[in-house]
Amino acid sequence: MTHNVHLPFRRLILSLGLCLWAGTSSFAAAPPADPARAQLADGKSRFDKLCVSCHGADGAGKDTYGPSLQNRPELSPALIRERIVKGKHGDHAMPPWGTVLDRPAIDALVAYVEVLRQPAATQTAAPLSPFDLADPARIEKGRKRFAKTCAGYCHGHEGVGGRAPDFKGRTDLGPQQAFDTIYHGRTGADVMPPWGAAFSEESIWELVAYLQFLGRQSAD
Amino acid sequence: MNLITSLRLAPLALALSCAGTGAIAAGDAKPGFDDPNNWPQYHRSANAWRFSPLTQINKDTVKRLKVAWVHQPGNITHGLQATPIVLDGVLYYISANNNVWAVDAATGKTLWHYEPKLDPISKQSFYAAASRGVTVGRGKVFVGTLDGRFIALDQKTGKEVWSTQLSDLKTQYGALFSAPPQLAGDVLFGGTTGGDQPIAGKIYAVNADTGKPVWTFEVIKDDEESWPGDSGKRGGGSAWMPGTYDAQSDTIYIGTSNAAPDFYGVDRKGDNKYTATLLAIDPKTGKLKWHRQEIPHDVWDFDSAYEALVVKKDGKDVIVHLNKSGFVFVMDKADGKLENVWQFAENMNWAKGIDPKTGALIEPRRPEPGKRELLCPNLLGARSWNHGAYNPGTGLWYSHAMEVCNEVVSGPDDPESLKAISALSLGIDEIKLVPPPNSKDPYGRLDARDPLTGELKWSIRYDLPPLSSVLTTAGGLVFTGDMEGHLFAYDADNGKQLWQFNAGSGARGGPVSYAVNGKQYIAIPTGLGSHAPGFLAGAFPQIKDLPGGAALIGFTLD
Chain E
2 MTHNVHLPFR RLILSLGLCL WAGTSSFAAA PPADPARAQL ADGKSRFDKL CVSCHGADGA
62 GKDTYGPSLQ NRPELSPALI RERIVKGKHG DHAMPPWGTV LDRPAIDALV AYVEVLRQPA
122 ATQTAAPLSP FDLADPARIE KGRKRFAKTC AGYCHGHEGV GGRAPDFKGR TDLGPQQAFD
182 TIYHGRTGAD VMPPWGAAFS EESIWELVAY LQFLGRQSAD
Chain Z
135 MNLITSLRLA PLALALSCAG TGAIAAGDAK PGFDDPNNWP QYHRSANAWR FSPLTQINKD
195 TVKRLKVAWV HQPGNITHGL QATPIVLDGV LYYISANNNV WAVDAATGKT LWHYEPKLDP
255 ISKQSFYAAA SRGVTVGRGK VFVGTLDGRF IALDQKTGKE VWSTQLSDLK TQYGALFSAP
315 PQLAGDVLFG GTTGGDQPIA GKIYAVNADT GKPVWTFEVI KDDEESWPGD SGKRGGGSAW
375 MPGTYDAQSD TIYIGTSNAA PDFYGVDRKG DNKYTATLLA IDPKTGKLKW HRQEIPHDVW
435 DFDSAYEALV VKKDGKDVIV HLNKSGFVFV MDKADGKLEN VWQFAENMNW AKGIDPKTGA
495 LIEPRRPEPG KRELLCPNLL GARSWNHGAY NPGTGLWYSH AMEVCNEVVS GPDDPESLKA
555 ISALSLGIDE IKLVPPPNSK DPYGRLDARD PLTGELKWSI RYDLPPLSSV LTTAGGLVFT
615 GDMEGHLFAY DADNGKQLWQ FNAGSGARGG PVSYAVNGKQ YIAIPTGLGS HAPGFLAGAF
675 PQIKDLPGGA ALIGFTLD
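Note that the protein sequences, when read in sequence, are chains E and Z. Start counting the first sequence at 2; every next residue gets the next number (this note's numbering). Start counting the second sequence at 135; every next residue gets the next number (this note's numbering).
In case anyone wonders, no lab produced these hints; they're calculated from the structure. From the three backbone atoms N, C-alpha and C, an ideal C-beta is built for every residue, glycine too. Be a bit skeptical, because a hint or two may be false.
Not the full set, but computed from the structure, chain Z residues with beta-carbon under 7 Å of chain E [stated by the list, open to error]:
| hint | residue |
| --- | --- |
| 1 | 210 |
| 2 | 260 |
| 3 | 682 |
Full structure from sequences and hints, please.
Next up, the structure:
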């Protein structure tokens, strides 16, 4: 990671912007029944409130004050826990959260970061996905929905074309980030409308499963 | 980009006659020449010419064209798609999220700025952020909003005078006004988005001074033969582009969109009136005077929403009307009687042709559900909505074109996908943008043609299809811009490039010309946006790397 230490304030503002965006993305849906999933949902919700201002949405930090947490195979659960509890001194200091959060909250954060840090393309389970994202039946359902709804006008056949980066062969799009973007939409030079009210959570995860599948194909 | 044809050189009838330094306008009382210093309405004149009679900037002087000012609205979402309006030295335009600006047309200084409080639901619409302009008249600036209202602002101050809610985004799949409502005397009228949505399109009219609704025109005809069962309730048919008002015949001309679901017509067997139709409407009552349906039972997304160009044919007024299908319909302005139909698109395979006498589709190839079909032109049309221009000096119509096709598998909409207000009712299982058959590269053009016959005078080829509207002037010039942000002035007679400027982001709006204190200006909106470039990236991967932007640039001679 390279960091320019002279502009942390600007970055903080930028990442606060991200924080506001990500902060609105915590799920309003009923709490998941599965305890592991509930813990991850809690971890994500806390991460979105406390951590995104430095690490970016979904820990995808790029030019943020803190480092990216994605694609970090060297981060062991023990190291993640230690860093959250004790923080870090020096350049790009991180506050210690051990005195602020209770044990279950820290457990949830560790569990969530543990999923985030895995390379996006190999993630077949996102923190909150209710099924295995590598399930061929789910991928096929997502493919059909994508071809009907997302390809025309916007993302192109098999996610190639469109103003968004091609989904085929794309390795930097984590499942949670994909879910959140579909759910809430996004606005930049182009606009993607929110689809959270259109599709069930399950349907959106099927789209995510298809996007992850496309990410594993060669870009040709 | 290269000049591919230069067939014959016609004499310049009038363009150079007043090109001296004194008079800056070719003064004439003919239609299209009134009010030469202003750009008073969307197409400048009711005949939709996009022609400026000003001549100070001409073939000889255009090489000295320099930036006079740049006005940046600050938000680049979906670029800058408006055609500015200019009246008495003040320029009015609209940028992302319905921000309206009054700008000193000589200096680019902001005189007032209006930002409406939009209903948050507008953020959920597929057609978010963009608007194609405002209308100025009766001391007011009229806006069609992203949350389904017509608003009138005080022309001097930008303060709201009235606001009338017309469409309901919740129940009408985000139907909103992306085009400026137009004036027909004291009636203000306009239609919404929704051609690709499961709605029944409407044209709304209000009293321009009070905002009180006066009539609503139902685009979907109440007719079992045209729309079996309740298929019309989801039949699309929105009039999403500005119409024009012809004071001479006291008639509104406005075109309607394709029928929905776009590519799946199984549940709407019938001609699906009044989709893909040019309407002639009485502005006082909202009653139909006549109509010409160009594409009966459309299943290709072939809107009839583009400008109704009015020119003379054998001494009488005819409407020249480009349909997305790649055909131009020429009809009598008085009753819509067909005078000619000519093919504008080079690649056209959805039918064998259209009978120029009757308008009948010859062997139309309607996509069979479940079967992959290669159809040309693609769903954006032989041209997007970026308007052409007509120059009475050359007698030529200048219009961009795109040669791109789509591979479509027709299929019913998935009801689950139709829950969001952003939902599209495309009636497809799959769609893919592809080059024309015989492995030709997709490309774009600027054509100079006889509007009545389609005879090609000259044509310029571009690697990426330009999405800017065209401006032509009595100075013998044609102005436009490409998707990469190059702005051009061409010789109206032969297409020779006379001037170029790199604006940095692509052109998607409408260039205009006007004069202030004896000085002629050209104002060109720049900033690439709208869904079209996104969709076209499927066939033109280089579009992905094109930057967005939003800058209105005023040019004048040094």
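Query raised in the report: Can you name, in rising order, the numbers of the hints this structure does not satisfy?
Result: The structure conflicts with no hint, since it agrees with every one listed earlier.
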